[in-house]
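Colleague: What follows is the residue order along each chain.
There are 2 protein chains.
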Amino acid sequence: MFPKRATDQIDVKGTALWRQDNASLLGSIEANGESKLFKRESTRSGKPLAKKWDPDYLSEEATKRKVSLAIIKSSARAASQPGMIIYLKIYSFLDRDAGPDTSYSGMISLGAGAPSSACFPFEEIQVRISNTIDFSEIMKENTTMISMAKFDFEPGVSDYSLDVALNYGQGSGSAQMLRFVTEHTQLIHDPPYSDWACCLTVGSTSAWDSALRIFCEKGDYIILEDYIFSSALETALPLGVKALSIHMDDQGLIPEHLDNVLSSWDEKERKARKPFLLYMVPTGQNPTGATQSLERRKMIYALAQKHSLYIVEDEPYYYIQLPPFGSSDSFSNSKVRNELIPSYLSLDVDGRVLRLDSLSKVLAPGSRMGWVTASEQVIEKFVRLNESSSQHPSGFSQVIVFKLLNHHWGHSGFFGWLEKVQAEYTSRRDTFVQACLEHLPADITSWIPSEAGMFQWIEIQWRSHPLYKSEADHQTVEQAIFASVVEHKVFLTPGSCFWSNADVGEERMFFRATYASASREELKEAVRRFGRALKAQFA
Amino acid sequence: MFPKRATDQIDVKGTALWRQDNASLLGSIEANGESKLFKRESTRSGKPLAKKWDPDYLSEEATKRKVSLAIIKSSARAASQPGMIIYLKIYSFLDRDAGPDTSYSGMISLGAGAPSSACFPFEEIQVRISNTIDFSEIMKENTTMISMAKFDFEPGVSDYSLDVALNYGQGSGSAQMLRFVTEHTQLIHDPPYSDWACCLTVGSTSAWDSALRIFCEKGDYIILEDYIFSSALETALPLGVKALSIHMDDQGLIPEHLDNVLSSWDEKERKARKPFLLYMVPTGQNPTGATQSLERRKMIYALAQKHSLYIVEDEPYYYIQLPPFGSSDSFSNSKVRNELIPSYLSLDVDGRVLRLDSLSKVLAPGSRMGWVTASEQVIEKFVRLNESSSQHPSGFSQVIVFKLLNHHWGHSGFFGWLEKVQAEYTSRRDTFVQACLEHLPADITSWIPSEAGMFQWIEIQWRSHPLYKSEADHQTVEQAIFASVVEHKVFLTPGSCFWSNADVGEERMFFRATYASASREELKEAVRRFGRALKAQFA
Numbered sequence: 011m012f013p014k015r016a017t018d019q020i021d022v023k024g025t026a027l028w029r030q031d032n033a034s035l036l037g038s039i040e041a042n043g044e045s046k047l048f049k050r051e052s053t054r055s056g057k058p059l060a061k062k063w064d065p066d067y068l069s070e071e072a073t074k075r076k077v078s079l080a081i082i083k084s085s086a087r088a089a090s091q092p093g094m095i096i097y098l099k100i101y102s103f104l105d106r107d108a109g110p111d112t113s114y115s116g117m118i119s120l121g122a123g124a125p126s127s128a129c130f131p132f133e134e135i136q137v138r139i140s141n142t143i144d145f146s147e148i149m150k151e152n153t154t155m156i157s158m159a160k161f162d163f164e165p166g167v168s169d170y171s172l173d174v175a176l177n178y179g180q181g182s183g184s185a186q187m188l189r190f191v192t193e194h195t196q197l198i199h200d201p202p203y204s205d206w207a208c209c210l211t212v213g214s215t216s217a218w219d220s221a222l223r224i225f226c227e228k229g230d231y232i233i234l235e236d237y238i239f240s241s242a243l244e245t246a247l248p249l250g251v252k253a254l255s256i257h258m259d260d261q262g263l264i265p266e267h268l269d270n271v272l273s274s275w276d277e278k279e280r281k282a283r284k285p286f287l288l289y290m291v292p293t294g295q296n297p298t299g300a301t302q303s304l305e306r307r308k309m310i311y312a313l314a315q316k317h318s319l320y321i322v323e324d325e326p327y328y329y330i331q332l333p334p335f336g337s338s339d340s341f342s343n344s345k346v347r348n349e350l351i352p353s354y355l356s357l358d359v360d361g362r363v364l365r366l367d368s369l370s371k372v373l374a375p376g377s378r379m380g381w382v383t384a385s386e387q388v389i390e391k392f393v394r395l396n397e398s399s400s401q402h403p404s405g406f407s408q409v410i411v412f413k414l415l416n417h418h419w420g421h422s423g424f425f426g427w428l429e430k431v432q433a434e435y436t437s438r439r440d441t442f443v444q445a446c447l448e449h450l451p452a453d454i455t456s457w458i459p460s461e462a463g464m465f466q467w468i469e470i471q472w473r474s475h476p477l478y479k480s481e482a483d484h485q486t487v488e489q490a491i492f493a494s495v496v497e498h499k500v501f502l503t504p505g506s507c508f509w510s511n512a513d514v515g516e517e518r519m520f521f522r523a524t525y526a527s528a529s530r531e532e533l534k535e536a537v538r539r540f541g542r543a544l545k546a547q548f549a
Numbered sequence: 011m012f013p014k015r016a017t018d019q020i021d022v023k024g025t026a027l028w029r030q031d032n033a034s035l036l037g038s039i040e041a042n043g044e045s046k047l048f049k050r051e052s053t054r055s056g057k058p059l060a061k062k063w064d065p066d067y068l069s070e071e072a073t074k075r076k077v078s079l080a081i082i083k084s085s086a087r088a089a090s091q092p093g094m095i096i097y098l099k100i101y102s103f104l105d106r107d108a109g110p111d112t113s114y115s116g117m118i119s120l121g122a123g124a125p126s127s128a129c130f131p132f133e134e135i136q137v138r139i140s141n142t143i144d145f146s147e148i149m150k151e152n153t154t155m156i157s158m159a160k161f162d163f164e165p166g167v168s169d170y171s172l173d174v175a176l177n178y179g180q181g182s183g184s185a186q187m188l189r190f191v192t193e194h195t196q197l198i199h200d201p202p203y204s205d206w207a208c209c210l211t212v213g214s215t216s217a218w219d220s221a222l223r224i225f226c227e228k229g230d231y232i233i234l235e236d237y238i239f240s241s242a243l244e245t246a247l248p249l250g251v252k253a254l255s256i257h258m259d260d261q262g263l264i265p266e267h268l269d270n271v272l273s274s275w276d277e278k279e280r281k282a283r284k285p286f287l288l289y290m291v292p293t294g295q296n297p298t299g300a301t302q303s304l305e306r307r308k309m310i311y312a313l314a315q316k317h318s319l320y321i322v323e324d325e326p327y328y329y330i331q332l333p334p335f336g337s338s339d340s341f342s343n344s345k346v347r348n349e350l351i352p353s354y355l356s357l358d359v360d361g362r363v364l365r366l367d368s369l370s371k372v373l374a375p376g377s378r379m380g381w382v383t384a385s386e387q388v389i390e391k392f393v394r395l396n397e398s399s400s401q402h403p404s405g406f407s408q409v410i411v412f413k414l415l416n417h418h419w420g421h422s423g424f425f426g427w428l429e430k431v432q433a434e435y436t437s438r439r440d441t442f443v444q445a446c447l448e449h450l451p452a453d454i455t456s457w458i459p460s461e462a463g464m465f466q467w468i469e470i471q472w473r474s475h476p477l478y479k480s481e482a483d484h485q486t487v488e489q490a491i492f493a494s495v496v497e498h499k500v501f502l503t504p505g506s507c508f509w510s511n512a513d514v515g516e517e518r519m520f521f522r523a524t525y526a527s528a529s530r531e532e533l534k535e536a537v538r539r540f541g542r543a544l545k546a547q548f549a
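Chains A and B are the protein sequences, given in the same order. Just remember that the numbering used here sits 10 ahead of the position in the first sequence, which is counted from 1. Just remember that the numbering used here sits 10 ahead of the position in the second sequence, which is counted from 1.
Excised from the complex, chain A in its bound form (with noise of 0.2 Å):
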């Protein structure tokens, strides 16, 4: 599943190898925390820088956004920096990189607004972790308990004690967990260029907020595929922005139709400039399950650079990779399937994508943690704004899941939860597709299986409903449907609710199932009534 350079730079505990030559993590407070003190040496050098995007890329309000004084003011930063440069900074704005300076240690400071961790009343957290994957709703036998508390930090033995992860942190989130993701992103992407840096959020979803407050001022339109999550949709209108809808086939977003519209884009005809900010899904595409090529990212991408846009990925169900329906069964399958399709993030040259990662779809959504990639003038931009509204993910989510992925699985290790939960959803599509095939009726319904993702598209011949031919429009009919499925006690979703625009027209007519949170019984349970639903509504 995973590239053989990335298992190749893992030791044997799971580490990866060039992590003794970087940075160490500190016990303390606030500590600093950056990308660069992460990567790998030789990604540091000798890749070209990315490509700096003038202000008209950037909204008033990321241009306005400068390094908080409360972080300058933290005691941590007083008590290793010059005071003079420090006020000297507060004064003028100006951007931090002192170097640190020991002729202020044993500084006492009265500057920070941070309590004591001493007397925040949580001591220890044990977590119970579970060795095996298991939709079947069973308890575990099969778990280790792994701890944290505070004041125990230990460098390379607990490297993230519960006083520091308490307390304050920093709008990168902690070091602990940059150095994770930024390892991690090395091993997966490795992107081209040099000064690429990682921060996290507290889940894609406010990512993709902060991306349009960092991008994009009202009246401009972003560029999204003919079908999406409806959510990513309802973030993005009312900061006032434009939806400008790209047709989609089965790989997702049709690069020629992106081409023909940005070619003959019309500033004063749109009343807009032309549009710069292109967001996909390019894995296991939500809704239509669409899982972009390689060489259909490639063509993407050079149309990217052709009209300069800048490309955000959103790739929440990026490691829920599918082998192919039938291929053979699915857990010995998974081990032997190609690579993971490379991400735009592995092809960008520039500097011009965004990448948002989540952990909701492969830990827990309610970690409300992910993070983004990106070159460091954009995430600059994303630590400012998190300083100035979320501030950073929860430091319960972020010592509980550091401890998890670093010390106990280690990369190797979670890579090897990756895999399983893609056995686990090749399993559940599995079942779900055959369920399809022998109990949907085949003249009025098609899918493609999805080979990503938690989702099923399945279109519906709705020309040949009943309705249809007494003239009903499309609306009327996919209600009358849905009404039926709904009477029938199983709901899919109806496939106009994924609509980014109102003209995406009502050739097609498709329904959304997801394969992910019934059980297997109740799978082909729902199925079996869907094709009941149907049958009634076409006989």
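The reader is advised that the hints may include incorrect statements.
A pair counts as met if it fits within one copy or between any two copies, since identical chains are not told apart.
[What the hints assert, rightly or not] Result set (DMTMM-like, lysine to aspartate or glutamate): computed pairs, CA atoms no more than 20 Å apart in a straight line:
(1) Lys430 to Glu517
(2) Lys252 to Glu71
(3) Lys14 to Glu277
(4) Lys228 to Glu71
(5) Lys316 to Asp66
(6) Lys228 to Asp66
It should be emphasised that the hints constitute simulated quantities derived from the structure, not laboratory data.
For this one, chain A is given, so just place chain B on it according to the hints.
Modeller: What follows is chain B alone, placed relative to chain A:
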């Protein structure tokens, strides 16, 4: 410390007495939760309704945010609501208030893209809680272990299981935490209008950012105090709003100045509409430590009514109200002192107050969880914005803090903890002020001992400085003093860092010290050093 009505309405287990009359908590994912389910019956009727703010008071963004399709489509809702209603709502973007309909029980949902909780690797969490507060940074012996697990839901025994907490949740936060903060708000503030509600936040920094997005348009003025926590300003200004600074005295904002400025507001001259958003930290203000008396609050509220203002009261230090310095020994004093100063929320007959509450100063900043209270009209905007950004606080934070507050402590136990926090800060404030009396030169320094919060504001008679006599300006003198302070290896923050506007004025000079984080011995030594630095400068 707490209002009699609050302690009278808690049973022996620390539960709000009206809880048994209200809705029970459910064990399902994304179970509905709204404050109105958890309020005391008598406050749900008989009191006036909040003023409805016309669209001029809400931003274009807030007005456009409608109920999220993603939420509507979730399986929990699908299972409890008639399919056609959901569907029509999806089409028409209507609000959701269809009642539960059991005719759809037994429905299998393939709708929501939530992963199965069974595959989260987190099986059980145990948290060791300290029963005493102790800033001495020594592990406590006096602790209790609380635990939470997957699928352990049992009404009244374990009302919040890991499978629910770690999956997706509502934009208002979990029903569990929402019930606790709603009851707590009722016990402490008992707002004098009927349709108030709470919503969880990922902290008050984020809540302030959200408030600005909900109420302001670019170009608006917002009303601030002369001195302000710099982060609050940095959050606001990049959004394109401007600061209108109002003078302060030792009780914070001066009503007469506010009245004068607003009464003489000239929209043409100012090129902006009359300001309506008033942001204050009424208790233990950062940086000045000022606490508004009840009389002051009433005067400002009356002005808000006169000028049609909307008040944001940001109250992270509300529970750190301290008895007067030197009045007696700290802990016994905290038990006998007067009740908490009434909040703006408790005076709010109109529904014109948004209160921001935080757990950062009384539990741990790393929880990244707080709550807001306002009229349902305003809270609905917070829920909508959460759905499209942070979604909700971390599930780890929610379940751990809920188990602590609800099951381990109960309301009375939480009150007890808050009294311990208050006693601890009283003792630290006393140590600090005593050191000031001993070590600071009385001829050039003065201070009013703080009676709330974490900060002591110290005035310097800067015109006595030798540089002033040779015609140096405020900035030069402040920098010279600061440099000397840092040379003496202590860090206090210069007052000009907190100016909300360049024209706050150079009349007076202050330094801010926090007594929250350094140890008692460090506090004494720090003040000694500060005194030496000042004496060296003013010699």
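Colleague: Of the numbered hints stated previously, which ones are contradicted by the structure, given in increasing order?
Modeller: Hints 1 and 3 are the ones this structure does not satisfy, whereas the remaining hints hold.
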